[in-house]
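Protein chains in written order, with this note's numbering: chain C, 1 to 233; chain W, 1 to 208.
Check the hints yourself; a few may be wrong.
[Claimed, not checked] Calculated pairs, DMTMM-like style, for lysine to aspartate or glutamate (alpha carbon to alpha carbon, straight line, at most 20 angstroms): (1) C:K225 <-> W:E198; (2) C:K139 <-> W:E59; (3) C:K169 <-> W:E62.
[Unchecked claim] Okay, the calculated beta carbon distance ranges per label pair: (4) W:T4 <-> C:S194: 56 to 62 angstroms; (5) C:H13 <-> W:N147: 38 to 44 angstroms; (6) C:D197 <-> W:P182: 55 to 61 angstroms; (7) W:A77 <-> C:G199: 51 to 57 angstroms; (8) C:R68 <-> W:Y35: 46 to 52 angstroms.
Quick caveat, the hints were computed from the structure, so don't treat them as lab data. From the three backbone atoms N, C-alpha and C, an ideal C-beta is built for every residue, glycine too.
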Amino acid sequence: MKKVYENATAALHDVRDGISLMSGGFGLCGNAENCIAELVRSGIRDLTVVSNNCGNAGKGLAALLQHRQVKKVIASFIGGNPDVQSQMLSGEIEVELNPQGTLAERIRAGGAGIGGFFTPTGVGTVVANGKEERIINGKRMILEAPLTADYAIIRARVGDPFGNLRFYKTARNFSPLMAMASRICVVEVEELVSLGDLGPDDIHLPGLYVQRLFVGKGYEDPIEKLTVRPREV
Amino acid sequence: MPRTREQMAQRAAQELKDGSIVNLGIGIPTLVANYVPPGIEVMFHSENGLLGMGPYPFEGDEDPQVINAGKETVTIAPGGSVFDSAASFAMIRGGHVDLAILGGMEVSATGDLANWMVPGERVNGMGGAMDLVSGARRVVVLMSHANKKGEPKLLATCGLPLTGLGCVDRIITDYATVDVTPLGFKLVDVAEGHTVEEVRALTGAPLL
């Protein structure tokens with residue numbers, strides 16, 4: 001049971017054309033930057049990418065789009081992401097937009113072995129097209145399907161050799177759910193500690209969901225919208 | 001003069017109830033946090049996984065991994081917590097968020113909301129809007145009363161693709177505050193310097 005790899009190249013050595021890939025992050029926050037760079041370098045194509053935004057402002061997963069490696073995107077919000085928007089308009093890629101909570105729950109369901117769920121989100125909208133509708137507890141709801149993937153690439157603040165993880169603040173977002181829903185979850189951690197250093201109460205994601213991890217390097221962590229207030233004098 | 005963006009946000013801030021959980025959308029709704037009335041304590045929820053969103057950081061203190069759903073750098077208030085996206089939307093869908101204030105393109109007299117897509121224009125996606133309007137206990141829409149062409153945005157039925165069905169409770173605009181009732185739109189207040197007749201003329205459905 002060796003989960004710790006040298007780097008992104010080693011951890012992603014077996015990715016192939018046509019795989020489905022979940023990628024953690026909200027916009028450019030909490031992205032697995034080392035893994036994304038490695039996927040670009042690998043040149044694999046025809047990817048189905050599940051990600052809230054699929055990059056933004058030309059950065060993050062947008063690099064995969066710029067290199068024409070993506071076939072389909074499943075996301076909730078692509079505003080501010082000209083690469084997705086233009087390739088969607090030109091018909092180069094297929095884009096499936098999900099309400100954000102539905103996307104998160106579909107991934108959770110995929111990882112938890114749930115065959116689908118009824119939600120009020122999207123009733124009476126285009127999201128409901130072609131989906132079974134029921135009235136549950138007096139409320140109209142639609143059936144949503146679970147979502148799984150071949151690989152997930154996520155980032156965590158701290159990990160141990162079993163793959164137990166702690167995330168950092170709002171960088172957590174979709175990452176633990178994607179770890180659960182993928183066959184092979186590759187994690188880049190900012191810090192790798194010894195087994196036992198992360199106490200049982202301090203683990204956000206138990207290591208059984210993680211297949212591979214390595215220590216990430218050289219984070220850019222771009223800020224999309226810098227909003228500050230002046231220091232009080 | 002119609003209400004400015006700040007005045008709209010100020011008016012919307014009067015909707016905040018002490019002890020409530022509030023989600024603010026992108027744009028003018030974000031400004032509401034600047035006008036929390038004295039004596040009122042609320043916890044702001046941000047759907048990317050943060051409850052207890054604080055003010056913008058001081059210059060130089062920004063953390064790229066502490067952002068709100070609008071991807072702005074923010075801080076975490078005392079008592080704040082972070083969680084994953086499924087937990088965040090369980091809070092919304094489960095009715096644990098008391099109030100959502102968000103922008104709008106059209107609202108119908110039955111409370112339908114359209115705010116995510118204009119056919120033929122660049123698609124941005126719905127983000128968390130559909131979950132918020134169907135899950136939050138109360139939904140307040142903050143928008144201009146008319147569009148850039150001067151056409152009403154409060155209508156008998158929405159023409160644009162919907163975000164949610166019968167989900168809007170109150171609309172706060174630059175000209176007025178309007179409730180959605182079983183009988184249709186009902187005028188709550190009119191912006192200073194304007195008349196009921198003016199508001200009626202700008203509204204695309206009967207106004208009680």
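Taking the hints in turn, this is what the structure says about them:
| no. | hint | verdict |
| --- | --- | --- |
| 1 | C:K225 <-> W:E198 | violated (38 angstroms) |
| 2 | C:K139 <-> W:E59 | violated (47 angstroms) |
| 3 | C:K169 <-> W:E62 | holds (13 angstroms) |
| 4 | W:T4 <-> C:S194: 56 to 62 angstroms | holds (57 angstroms) |
| 5 | C:H13 <-> W:N147: 38 to 44 angstroms | violated (54 angstroms) |
| 6 | C:D197 <-> W:P182: 55 to 61 angstroms | holds (60 angstroms) |
| 7 | W:A77 <-> C:G199: 51 to 57 angstroms | violated (26 angstroms) |
| 8 | C:R68 <-> W:Y35: 46 to 52 angstroms | holds (47 angstroms) |
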